[in-house]
Amino acid sequence: MDVAQKKDLYRKMLYIRTVEERIAALYPDQEMRCPVHLCIGQEAAEVGTAMALRGDDWVVSGHRSHGHYLAKGGDLNAMMAELYGKATGCAGGKGGSMHLVDLAAGFLGSAPIVGSTIAIGVGAALSAQMQGEDRVVMVYLGDGAAETGVFYESLNFAALKRLAVVFVCENNLYSVYSPLDVRQPAGRSIADLARVLGMESHGADGNDVEAVYALSQAAVATARRGAGPVFLELATYRWREHCGPNFDNHIGYRDETEFAAWEKRDPLRLYADALVGCGAVEGADLVDVQANVSRAMDQAVAFAKSSPFPDPACAAAHVYGEDFEGPS
Amino acid sequence: MTRELKYFEALREAQDQCMALDKRVYVMGLGVPDPAGIFGTTKGLQEKYGANRVMDMPLAENAMTGIAIGTALTGMRPVMTHQRVDFALTAMEQLVNQAAKWSYMFDGQHRVPLVVRMIIGRGWGQGPQHSQSLQSLFAHIPGLNVVMPTTAHDAKGMLIAAIESDNPVVMLEHRWLYGISDIVPEPMYRVSLNAAHVMRAGTDVSLIGMSYMSLENLRAADLLAERGISAEVVDLRSVRPWDTATVLASVRKTGRAVVADTAHAMFGASAEISATIAEQAFADLKAPPVRVALPEYPAPTSPALSANYYPGAGDIAARVLTLMGREVDDAVLAPAKGQNHDQPDPSFTGPF
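These protein sequence lines map, in sequence, to chains U and W. Quick note on the working numbering: the first sequence kicks off at 1 and runs consecutively. Quick note on the working numbering: the second sequence kicks off at 1 and runs consecutively.
Extracted from the complex, chain U is given alone in its bound form:
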C-alpha cells in the first residue's frame, strides 16, 4: 500500500469520526428530530471494508449506517439535510438517519429492522448474477443480526447460488443494552456460523484498518470472481450509547473499565501513531487532514440548516410508483 492510500484510509476514518462527533455536539439543539445511531469507535471496520469496493458495487446497511454511507462515497450534504428533515435530504425528509440512500454512490439503502436488509442485499447480488454483471454487494450487519432467522435464510441462499456478497459483521458486543453473553452461547463465533453455512469466513480485529482493508480486498476479489460469498466478523466497540449522542458507561450495562480498554484501541489513534511512527506522514499532515474534513462538515451543517423543509403537500407522495393512478 502506498502512502496516498494510507493517508486516504486515515482521512476517511477521520471524516466519519468528525461527522459523528459534530452530530453528537449538535444533537442537543433538538433540530435533528430523528433517532441517530452513531458509529464512533467503529470507523476502521467501515472504512477498511468499503475502500475495497468499486464505485459500481452496491452496499446495504442497517440502523447504524452513517459510516457505511460515507465510506461508500455517499453525499454528506444530503445526509446532514436528511437528519435535519430537509427537502434536500437524501430521502427528501421521508427517511431520516435510519434510511440513508445514495444510488449514484452505490449505497442502495439502509433500514433499521435488524437482519432485514441482509436479504435485500443478497437479492441485489442475485440481480447482478442474473444480469451477468461482476459487481459485488457488501452487506453490513451487527452481532445481533446473527440471531435473526433472516440471517440464516439469506446466508444459506447466498452460499447455494454462490452469490457475490461480502457480509461484514461488526461485532460491537452489544445489542442496545444486551451483552453478547445473554444472546449467544460462549465459545461460538459468528464467523464459525457463517462458515458452516457454506462460505469462506474470517474473524479479524475490526480496529486495525489496514488489516481490515487487506482482508476485504481478498474477500471482494473472491466474491467478484464467482467463487461465492465471503463473511467477515470484525471485532470492534461502539463508544456512545446505542441511540443518541451521549456516553452511557455509567448507567449499568457496561463499565468505564471496558470502555477505557477499547478507547486505548481507538482505530484512529492507532493508525495515526502507526503512520507517523513508520515515517509515512508527519504530524502536521494529519492536522491538515483534520482541517479539511472539519471544513466539509461545517459546510454540510450549514447546507442542511439553510435548506428548506419539504412541502407538507408532499407527505403522501411516492406511496406508489408514478404508473399508478388512483386512491392510496
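Just so you know, the hints here were simulated from the structure itself, not pulled from any lab data. Check before you lean on any hint, since a few could be wrong.
BS3-like cross-link-like pairs, simulated, lysine-lysine; straight-line CA separation at most 27 Å [unchecked claim]:
no., chain 1, residue 1, chain 2, residue 2
1, W, K43, W, K23
2, W, K337, W, K286
3, W, K48, U, K161
4, W, K6, W, K337
5, U, K6, U, K264
6, W, K23, U, K161
7, U, K161, W, K43
8, W, K48, W, K6
9, W, K253, W, K286
Which residues of chain W face chain U? A few of them, derived with a C-beta cut under 8 Å, are [what the hints assert, rightly or not]:
no., residue
10, A51
11, N52
12, N62
13, A68
14, M76
15, S103
16, H110
Every residue, glycine too, gets a C-beta built ideally from N, C-alpha and C.
Since the structure of chain U is provided, determine the placement of chain W on it from the hints.
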C-alpha cells in the same frame, strides 16, 4: 371463435407471455418447477425458460421475499408464489416493512416491481392453517396493491398488469376458482389493478364482493331474480386501492348494499367497505349495509364442523330478502343438488 381457458391456465399463460416479452421477469416459489407446477399455474415454464428464471427455492419465505425485493430494486421483475396465503405470513416483515416502504421512504428513488401470488385454500379439511383469506392484513398497508381476480379473464389481465407494475402487488387467488373457465383472449392484455367491475346490472340491491364471493353473489342474484328482485353484482377485483367510485355509484342507485367477503367480518374488507358506504352514501341508503363473511373462528377441519363455515349464495339471498322485508323461503337456503360443501366440484379431492 372465442377461446376459453381455465383460471389456472390463464395464470400460466400470463407468466409465459410476460417472460417471453421481458427478460427481467422471473418466477420463484416452493414447488414452482415440480411436476404439479403450483396447481398447473407454472407447469412447463422451467422447461421453456430454464432454472434461473423459473426457480424453486429454500423453505425460507421471509429471506426469499427480501431477496425478491432486492432483485426488484435492482432491475428485475420477480413473481413469487406461495401455495397458501398462510405460508406468506413468515414473510410479513419483508412485505410490510420493506416492499411496501422502499418507494416512499426513499422518496420515489426506488421502485419495487414485485408480484407475490398467494393461494387461498378451502375445503377438503385443509383446516386452520391452509384456508386463511388474509386480504385485510395486506390491504391495511399503504404501498401494497392487493388484488383478487375472480374470472379467468381478469386473472390473466391482472397478472400481466401486476408484473408490469412498478408497485408491489399481492395477488390472492382462490383455489376454488382455478377450475373455472372464461373467455380469455390469447394476445397479451391488461386489466386495471384498482378498478371494480359491474358483473351484472340491477336496481334493487348492490351485491359487492371479491374473488370466490363474487361468484356466490352472481348465484345469489339468480335466486333473487327468481323472486322478482333485481340485484347488481359488483366485483371489486382490487381491495387496495379499492374502487370507491364504482361501489358508491352502485349503492346510490340501488339504496342497499350487501358486502360478501371471503374472510372474517371483524376489521375486514367488508367492514371497510360498509363504513365507507355509511360515511359517504348514507342519505341514499334505504337500509343499513349488510356484511356476509366467515364466522369469527378459524376454519375447522372435520367436514362435520366445516359444514356451516362458508356462507354461500343462499345466505346472501336470504340476507337480501330479510333486508327488503320479504319472507325467506326454504328453497333459497337449500344446498345445490349433488354438491358437497367442501368441494367446488366432484373432481376436487385431496390430498393436496
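Residue hint W/S103, partner chain U, criterion CB-CB below 8 Å: For W/S103, the interface hint holds, since the closest Cβ of chain U sits about 5 Å away, which is under 8 Å.
Satisfaction of hint between W/K43 and U/K161, Cα-Cα up to 27 Å: With a Cα-Cα distance of about 23 Å, the restraint between U/K161 and W/K43 holds, given a limit of 27 Å.
Given hint U/K264 paired with U/K6 - CA-CA distance at most 27 Å: holds, 21 Å
Hint check, W/H110 versus chain U [nearest Cβ-Cβ separation less than 8 Å]: At about 7 Å, which falls below the 8 Å cut-off, the nearest Cβ of chain U leaves the hint on W/H110 intact, so it holds.
Closest C-beta approach of W/A68 to chain U relative to 8 Å, hint status: Hint on W/A68: holds, closest Cβ of chain U at ~6 Å, below 8 Å.
Interface hint for W/M76, Cβ within 8 Å of any Cβ on chain U: Constraint on W/M76 satisfied, holds at 5 Å.
Pair hint outcome, W/K6 versus W/K337 [Cα-Cα no greater than 27 Å]: At roughly 24 Å apart (the allowed maximum being 27 Å), W/K337 and W/K6 satisfy the hint.
Cut-off 8 Å, beta-carbon criterion: hint that W/N62 touches chain U: It holds, given that the least Cβ distance between W/N62 and chain U is near 5 Å, below 8 Å.
Given hint W/K286 paired with W/K337 - CA-CA distance at most 27 Å: Judged against 27 Å, a Cα distance of about 35 Å means the pair is violated.
Straight-line alpha-carbon gap W/K48 to U/K161, limit 27 Å: OK: W/K48 and U/K161 at ~21 Å, within 27 Å.
Given hint W/N52 near chain U, where the shortest CB pair must fall under 8 Å: Since the shortest Cβ distance to chain U is 7 Å, the answer is holds.
Chain U contact restraint for W/A51 - C-beta distance below 8 Å: violated, 11 Å
In summary, the structure is inconsistent with hints 2, 10 from the numbered list given earlier, while agreeing with the others.
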